[in-house]
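Student: Residue strings, one per chain:
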Amino acid sequence: MSIGVKVVERPIEQTSYVRATLTGMAHTLKHLFTPEKVTTQYPEQKESISKRWRGTHRMLTTEDGKAKCVACGLCPTVCPANCIKLVPGEDEKGNRYPLVFEIDEFRCIFCGYCQEVCPEEAIHVGRHYENSEYSREGFVYDLERLMAQTHPVCEMWDPADPKGE
Amino acid sequence: MTMPIAALFQAAAPGSQPHVIPWLVFTLIKLIVVFTVYMVGVALLTLAERKISAWIQDRHGPNRVGKGWLQPAADGVKNFVKEETYPAAANIPLFVLAPALAFIPALVTWAVIPFAAPWDSKWGRIEMVLAPLPVGFLFILAISSLGVYGIVLAGWSSNNKYALLGGLRSSAQMISYEIALGMSTIPVLLLAGNVTLSRIVNQQAFETWNVLNLTIAFFIFLIAAFAETNRLPFDLPEAESELIAGYHSEYSAMKFSLFFIAEYANMVTASALMATLFFGGWDIPFTLWDNVAPFTFLKTFLTLGCFATKVLFFVFLYMWIRWTLPRFRYDQLMSLGWKFLLPLALGYIVAIATTIVTLDALGFARGSVPFHLGLILLNLAAVVILFVLLDRGRVISPAYSRLSRVDVEKLREMSTPRRAAPFLPESGD
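Residue numbers (this note's numbering), protein chains in the order written: chain Y, 225 to 389; chain H, 1269 to 1697.
With the rest of the complex left out, here is chain Y (with noise of 0.2 Å):
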């Protein structure tokens, strides 16, 4: 017996093997003819995902089409893993716009600072977990792809409705 093992050591007249077998089996029966099963059949059915649930970027658009994003430069400053890349640019009028703005969505770590410090409410994670690409650049979302994704963005969590009511 190596070390470490239990044996439990019960009377000889509880033991049994026959007995046993048959109440096991009855209950296999039991379950063979249970009409509920707990598989999600998956492309078809889909488990809800969290309100909170920190996906993939998107980015939202004014009224007019264009990115919410005033390139403040604020997310790239606190994203922790140094995944965004943003170029400002001004127009004719003063107002400032991304020219570059690509996130690499193999180097994010999906703590979602960069919607929380978002003055503008532009960038979000958001709630979305069907990623697949064909090649790693295909991770590399820049600006139209960013704005072009209509998945729901994540709820962040509020300290004053802790538990999102």
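Just so you know, these hints were derived from the structure itself, not from any lab. Careful, some of the hints might be misleading.
Unchecked claim - Listed next, the in silico DSBU-like pairs over lysine-lysine satisfying Cα-Cα at most 35 Å (straight line): (1) Y:309 to Y:387; (2) H:1319 to Y:254; (3) Y:270 to H:1319; (4) H:1350 to Y:270; (5) Y:254 to H:1678; (6) H:1607 to Y:270; (7) H:1298 to H:1319; (8) Y:261 to H:1335; (9) H:1335 to Y:270; (10) H:1346 to Y:261; (11) Y:261 to H:1298; (12) Y:387 to Y:290; (13) Y:387 to Y:270; (14) H:1607 to Y:254.
Unchecked claim - Restraint-style ranges between C-beta atoms, simulated for each label pair: (15) Y:251 to H:1573: 24 to 34 Å; (16) H:1584 to Y:259: 12 to 22 Å; (17) H:1457 to Y:269: 53 to 63 Å.
To be verified - In silico negatives: residues of chain H with every beta carbon more than 10 Å from chain Y: (18) 1290; (19) 1294; (20) 1327.
Model, not experiment: these values are computed from the prediction. Note that the Cβ used here is the ideal one computed from N, Cα and C, for glycine as well.
Given the structure of chain Y, go ahead and fit chain H onto it with the hints provided.
Tutor: Okay, now just chain H, sitting in the frame of chain Y:
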């Protein structure tokens, strides 16, 4: 010069008057039909196993390829196009031979099992069995022993430690349980007075099914058949958790598939044997209509259905037990086979033989009601003794019982290296 085939038929199947050409034609048809149905059935059983395991575990099981029904076909295609791998140090000829050796005995056994009532066609009586051998049951015992060669050779020729351990275990297990298997059927032969399977079926049809007379023999046969087919709780040759896949660890593609098919084919054959020896074969219960002439095609068809139902029930029992019971420990397996089943089977032969002789001496005719009442009473007593009195830690020894403290200490001493004698410097120099 022509062979005197007609005379051989007389010897092989007395009572039938076959014409040679129809006999050949019908035998060919039977061969093709039985083989096809058997192989397709075995393929579907792999699906049935997955479905039953899923339902027992509250899952859905395979339901993607053609609602699940085409899963065996998909698996077959996959296995045909996969790469065949050969281990560098394997013994290639034996490595290739082993799957065939595991597969063929399972098929050959099926040849002597009668699967329906005979059919009196206008070309003569056609026996619904591929080869109506007079020595039917002995043939089955001989062939079923061959199955172990495939597994042992696979384990040895793979040159892999897990495969070798699996092969060793299977040889020990199958040889041990084969004795109990053979012994458990002797009461059946004593009652039937014959080894021809069709006679055994008829005897049960006109008297009572052997399972009522000989429950203990059926119980032993059932357990030994599980061990012979390497199914849980006796799947030690495979033992995924210890030996990866045991004897077929190194096999890939269709050669692996052959082992898999062999397992299911063995299962069907063992189920058919249980049905034939203990559950009246193709006999429809509670009626003698199907056992007497005229043997119309309808009777053949209905009895075939009855036989298929019985066989499928036992196949289901195999799967049901597989998904219920955990695997035996090796010492439990061996002590169950040698210390429990074998003495039980031997004792049961003596008990049954004594009872038969006594009942004969008392003047009860074979097949009469008092004769079988006597047997059933004896049987009831045996079942009560076995399942109520003996089943208290004595059928399968629990982890702790049967080993006194002294024995445990002895075993511990054997497994720990003996302490080396202390080094004593030689005095004097």
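Student: Need the list of violated hint numbers for this structure, in ascending order.
Tutor: Hints 5, 6, 11, 20 not satisfied by this model.
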